[in-house]
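**Student:** Listed below, chain by chain, are the residues.
Protein chains: 2
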Amino acid sequence: MSSPTPEFLSRLVSIVGAEGHSTDPEVLAPHLVEWRGRWRGNTPILLLPKTTDEVSRIVAACHDAGVGIVPQGGNTGLQGGQIPGAHGNEVLLTLSRMNRVRSVDPIDNSMVVEAGMTLLAVQQAAAEHDRLFPLSLGAEGTCQIGGNLATNAGGIHVVRYGNARSLVLGLEVVLPDGRVWDGLRALRKDNTGIDLKNLFVGSEGTLGIITAAVLKLFPRHRQVSTVFAAVPSIEAAVALLGHTQHRVEDAVLAFELLPHSALELVTRHIPGTVNPLGEVSPFYVLFDLTAPRALAESVIESALENGIVTDATIADSPSKGQALWRIRESLPDAQKNEGASIKHDVSVAVSRIPAYVAEAEKQIRALIPDCRPVTFGHLGDGNLHLCVSRPVAMRDADFLAMRDPVNHIVHDLAHEAGGSISAEHGIGIGKREEIRRYKSAVELELNTRIKQALDPRGIMNPGKGVG
Amino acid sequence: MSSPTPEFLSRLVSIVGAEGHSTDPEVLAPHLVEWRGRWRGNTPILLLPKTTDEVSRIVAACHDAGVGIVPQGGNTGLQGGQIPGAHGNEVLLTLSRMNRVRSVDPIDNSMVVEAGMTLLAVQQAAAEHDRLFPLSLGAEGTCQIGGNLATNAGGIHVVRYGNARSLVLGLEVVLPDGRVWDGLRALRKDNTGIDLKNLFVGSEGTLGIITAAVLKLFPRHRQVSTVFAAVPSIEAAVALLGHTQHRVEDAVLAFELLPHSALELVTRHIPGTVNPLGEVSPFYVLFDLTAPRALAESVIESALENGIVTDATIADSPSKGQALWRIRESLPDAQKNEGASIKHDVSVAVSRIPAYVAEAEKQIRALIPDCRPVTFGHLGDGNLHLCVSRPVAMRDADFLAMRDPVNHIVHDLAHEAGGSISAEHGIGIGKREEIRRYKSAVELELNTRIKQALDPRGIMNPGKGVG
Numbered sequence: 001m002s003s004p005t006p007e008f009l010s011r012l013v014s015i016v017g018a019e020g021h022s023t024d025p026e027v028l029a030p031h032l033v034e035w036r037g038r039w040r041g042n043t044p045i046l047l048l049p050k051t052t053d054e055v056s057r058i059v060a061a062c063h064d065a066g067v068g069i070v071p072q073g074g075n076t077g078l079q080g081g082q083i084p085g086a087h088g089n090e091v092l093l094t095l096s097r098m099n100r101v102r103s104v105d106p107i108d109n110s111m112v113v114e115a116g117m118t119l120l121a122v123q124q125a126a127a128e129h130d131r132l133f134p135l136s137l138g139a140e141g142t143c144q145i146g147g148n149l150a151t152n153a154g155g156i157h158v159v160r161y162g163n164a165r166s167l168v169l170g171l172e173v174v175l176p177d178g179r180v181w182d183g184l185r186a187l188r189k190d191n192t193g194i195d196l197k198n199l200f201v202g203s204e205g206t207l208g209i210i211t212a213a214v215l216k217l218f219p220r221h222r223q224v225s226t227v228f229a230a231v232p233s234i235e236a237a238v239a240l241l242g243h244t245q246h247r248v249e250d251a252v253l254a255f256e257l258l259p260h261s262a263l264e265l266v267t268r269h270i271p272g273t274v275n276p277l278g279e280v281s282p283f284y285v286l287f288d289l290t291a292p293r294a295l296a297e298s299v300i301e302s303a304l305e306n307g308i309v310t311d312a313t314i315a316d317s318p319s320k321g322q323a324l325w326r327i328r329e330s331l332p333d334a335q336k337n338e339g340a341s342i343k344h345d346v347s348v349a350v351s352r353i354p355a356y357v358a359e360a361e362k363q364i365r366a367l368i369p370d371c372r373p374v375t376f377g378h379l380g381d382g383n384l385h386l387c388v389s390r391p392v393a394m395r396d397a398d399f400l401a402m403r404d405p406v407n408h409i410v411h412d413l414a415h416e417a418g419g420s421i422s423a424e425h426g427i428g429i430g431k432r433e434e435i436r437r438y439k440s441a442v443e444l445e446l447n448t449r450i451k452q453a454l455d456p457r458g459i460m461n462p463g464k465g466v467g
Numbered sequence: 001m002s003s004p005t006p007e008f009l010s011r012l013v014s015i016v017g018a019e020g021h022s023t024d025p026e027v028l029a030p031h032l033v034e035w036r037g038r039w040r041g042n043t044p045i046l047l048l049p050k051t052t053d054e055v056s057r058i059v060a061a062c063h064d065a066g067v068g069i070v071p072q073g074g075n076t077g078l079q080g081g082q083i084p085g086a087h088g089n090e091v092l093l094t095l096s097r098m099n100r101v102r103s104v105d106p107i108d109n110s111m112v113v114e115a116g117m118t119l120l121a122v123q124q125a126a127a128e129h130d131r132l133f134p135l136s137l138g139a140e141g142t143c144q145i146g147g148n149l150a151t152n153a154g155g156i157h158v159v160r161y162g163n164a165r166s167l168v169l170g171l172e173v174v175l176p177d178g179r180v181w182d183g184l185r186a187l188r189k190d191n192t193g194i195d196l197k198n199l200f201v202g203s204e205g206t207l208g209i210i211t212a213a214v215l216k217l218f219p220r221h222r223q224v225s226t227v228f229a230a231v232p233s234i235e236a237a238v239a240l241l242g243h244t245q246h247r248v249e250d251a252v253l254a255f256e257l258l259p260h261s262a263l264e265l266v267t268r269h270i271p272g273t274v275n276p277l278g279e280v281s282p283f284y285v286l287f288d289l290t291a292p293r294a295l296a297e298s299v300i301e302s303a304l305e306n307g308i309v310t311d312a313t314i315a316d317s318p319s320k321g322q323a324l325w326r327i328r329e330s331l332p333d334a335q336k337n338e339g340a341s342i343k344h345d346v347s348v349a350v351s352r353i354p355a356y357v358a359e360a361e362k363q364i365r366a367l368i369p370d371c372r373p374v375t376f377g378h379l380g381d382g383n384l385h386l387c388v389s390r391p392v393a394m395r396d397a398d399f400l401a402m403r404d405p406v407n408h409i410v411h412d413l414a415h416e417a418g419g420s421i422s423a424e425h426g427i428g429i430g431k432r433e434e435i436r437r438y439k440s441a442v443e444l445e446l447n448t449r450i451k452q453a454l455d456p457r458g459i460m461n462p463g464k465g466v467g
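Protein sequence lines correspond, in order, to chains A and B.
With the working numbering as the guide, the letters of the first sequence map in order to residues 1 to 467.
With the working numbering as the guide, the letters of the second sequence map in order to residues 1 to 467.
Hints may be right or wrong, so weigh each one.
Calculated Cβ distances over 12 Å to all of chain A for the following chain B residues [said to hold, decoys possible]:
id, residue
1, H31
2, N89
3, S136
4, W325
5, P462
Simulated restraints, written as ranges between beta carbons of each label pair [stated by the list, open to error]:
id, chain 1, residue 1, chain 2, residue 2, range
6, B, G307, A, D311, 49 to 57 Å
7, A, S298, B, R40, 56 to 64 Å
8, B, G458, A, S103, 34 to 42 Å
9, A, S298, B, R100, 35 to 43 Å
10, A, L400, B, S14, 53 to 61 Å
In case anyone wonders, no lab produced these hints; they're calculated from the structure.
Being a predicted model, the structure only gives us computed values, none of them experimental.
Where a beta carbon is used, it is the ideal one built from N, C-alpha and C, also for glycine.
Please model the complete structure; the sequences and the hints are all you need to start from.
**Tutor:** Written out as structure tokens, the structure is:
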């Protein structure tokens with residue numbers, strides 16, 4: 001990679017104009033640090049192009065000069081993929097000014113949006129046309145749809161609708177040489193060549209910059225029943241998932257696991273939250289069904305008879321449903337109050353979750369006695385966040401010094417179980433070394449070959465991802 | 001490409017043994033012709049490996065010798081992608097002896113199968129575990145799951161479950177140098193690098209040979225209501241789709257359009273078929289809802305009130321539902337009785353279908369007066385088969401001589417409407433030239449770069465697909 005010269009930076013400024021860039025340290029500052037402070041970088045310039053053509057000319061200039069370019073969405077990523085290198089030789093680009101809905105086709109159930117729209121704005125644009133865009137995650141008010149696609153975001157509705165990858169019909173991408181691939185097709189079926197769309201989705205900005213997308217829309221749900229159920233074990237939670245799917249088919253919209261330790265953290269630290277049930281249980285499941293309350297009741301009644309559920313409540317109003325979801329959503333904030341934590345984002349086949357969690361927590365407790373594992377998340381997808389809080393009596397720094405061995409326990413066991421060490425958060429900077437422990441040589445080489453085929457100069461988000 | 005020498009062929013025989021190959025012309029014959037006779041090829045040897053290791057060693061030998069290799073599934077493809085070249089320099093490989101279920105995990109709703117299983121056998125294996133594998137298409141008794149994945153097969157349930165691409169969690173692939181990529185992961189979420197799986201799905205055997213796959217399973221449907229409805233226009237059929245989706249959400253399992261000309265062909269040529277309705281209508285819609293009959297009735301009642309449906313029948317038993325589906329399924333056979341036809345497989349956004357069909361049929365009728373367009377198919381996905389029968393008084397050969405100009409009308413209009421000229425049947429040999437009229441230079445180049453990155457010697461299914 002070359003260092004950007006003053007002449008090169010002037011060329012970029014001439015493309016985007018005065019409003020399309022900044023070199024002001026105060027403006028740059030929030031873009032140069034991952035939001036929890038784990039990764040920091042530098043850049044000579046922040047570019048805010050307004051059109052695909054401007055993005056194209058910026059990337060062409062970087063290509064000509066051999067200067068690295070880092071695309072950043074809403075800067076909510078958890079692996080640092082959106083942060084430029086510390087050396088300050090890479091230009092930073094964000095599409096927040098490319099935030100228009102280009103078109104909505106309610107009959108086709110599709111919508112063309114620019115990459116800089118926040119996920120919330122995308123959801124709202126769909127709702128204005130009486131349609132649903134189902135991607136939903138904690139950062140939705142801040143993250144951008146371009147970043148969601150570049151990282152193949154997950155969230156709470158994957159069990160029903162799949163990852164971000166499943167929600168996109170077409171893409172517009174600025175390639176690493178500045179040319180534009182116009183793949184903005186609103187087609188449910190198109191078998192004319194290699195699947196380019198899925199190459200860019202999830203590539204973390206290492207193969208090109210997604211500037212716009214055709215998104216799938218869905219009918220809005222006529223009714224959602226939210227259930228909070230006590231289950232005696234993770235085995236029972238898995239059995240409840242199958243029991244429910246068998247009865248309601250695709251009506252399972254979300255299916256989240258919470259251990260009692262999670263409920264305890266939330267009710268201790270988040271004002272206004274309480275245990276929705278009369279009893280204390282080792283585990284709870286929070287799930288949404290797009291089904292009438294009567295069907296949710298019959299699911300729970302039969303689960304109570306089977307003993308896979310010991311108690312449950314069904315929200316009988318949207319506000320009560322939201323109160324139940326607030327327990328789940330405020331868990332990361334609640335856990336912050338307990339000092340340092342080491343977090344993970346693993347997936348295994350749903351059937352392997354109980355044995356996996358038991359063994360991982362056992363080994364971590366053996367390594368760090370009195371540490372406090374809180375294992376929660378998207379049970380319906382086999383994706384759990386195994387977040388370990390430090391022992392009450394241990395200093396943060398001493399605990400965080402154990403990060404690598406804790407990671408290795410969690411990741412080695414996931415790998416042995418055929419799982420993934422990054423289910424929804426990607427590789428970024430954070431897992432770039434770690435992933436090399438687990439990927440086969442063949443798979444690493446395939447990643448590298450594709451990276452080299454599409455970005456032979458290596459200017460797209462250098463040092464991120466696998467390839 | 002090199003010609004295979006006797007020594008090279010001996011090397012292949014030593015890998016697969018006596019039962020794993022054939023050079024008998026009678027055995028080879030059915031593998032060397034596309035089933036309608038449109039494409040014919042030659043080969044010095046048919047290989048029938050029994051294990052992934054044998055496939056790996058075969059491909060490594062081809063790679064070393066620079067000999068082309070053609071993978072063939074059930075030989076039901078419609079674009080000739082499975083037929084070797086006429087020169088006879090390519091070896092032909094089929095995985096019909098690799099037809100085992102490796103494992104089924106009903107709790108995880110996943111199943112590992114070898115590529116040579118027929119689609120029907122896969123469906124049956126899922127059913128034995130009280131699960132559904134929803135891919136369904138006319139050739140399901142013969143086609144192989146490996147071919148379905150290599151071509152990203154569609155069929156009648158795409159509106160609910162997506163293409164074959166959406167139904168696979170992981171793959172095992174023998175790469176063009178003979179190494180094996182073990183991507184047999186049963187994960188709903190895995191963001192660790194470039195999406196390799198989707199690169200191989202739909203690549204028509206040009207990037208590697210799929211030897212096994214992890215498939216997604218689903219709950220079996222508790223009830224299916226089949227509806228046959230008369231609609232006054234294609235606009236009304238599109239409106240009925242939206243009307244139905246709004247009321248039943250994802251319960252639309254299939255949604256097919258038939259013009260009256262199709263019903264007439266079927267009732268004329270297929271014994272035992274009748275118009276299920278009392279009236280003659282310009283168009284009909286045949287659809288399945290995984291919903292109680294009462295819900296199907298309420299959908300139809302409101303559609304009758306709106307005037308988007310003029311008459312309808314709901315099957316009140318599985319056998320009556322099958323009788324309705326027989327009309328749709330026997331249409332290709334029925335049309336054969338009317339002499340030569342020119343067929344297409346296009347998709348456009350659902351909202352654009354009415355205008356597209358009207359204009360395409362108008363231009364074709366202007367080109368060939370008295371020709372008989374029969375436009376039917378998967379309206380729910382925007383995928384129609386525009387199949388034009390010759391005028392009654394025209395000779396087959398004279399009509400087929402018009403294939404190119406007819407194709408150009410149908411494809412040019414689809415392209416102008418943002419559509420695809422091959423929605424579900426792929427490129428193969430048949431559309432390899434035609435696709436170059438429509439793909440941008442950038443998109444063609446991306447296909448070529450990826451092909452070269454993965455198969456630099458060009459031995460995998462030479463002369464097929466886009467790249």
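**Student:** Taking the hints in turn, state whether each one holds.
**Tutor:** For each hint, the structure was consulted:
| no. | hint | verdict |
| --- | --- | --- |
| 1 | H31 | holds, 23 Å |
| 2 | N89 | holds, 25 Å |
| 3 | S136 | holds, 15 Å |
| 4 | W325 | holds, 20 Å |
| 5 | P462 | holds, 16 Å |
| 6 | B:G307 / A:D311: 49 to 57 Å | holds, 51 Å |
| 7 | A:S298 / B:R40: 56 to 64 Å | holds, 59 Å |
| 8 | B:G458 / A:S103: 34 to 42 Å | holds, 40 Å |
| 9 | A:S298 / B:R100: 35 to 43 Å | holds, 39 Å |
| 10 | A:L400 / B:S14: 53 to 61 Å | holds, 58 Å |
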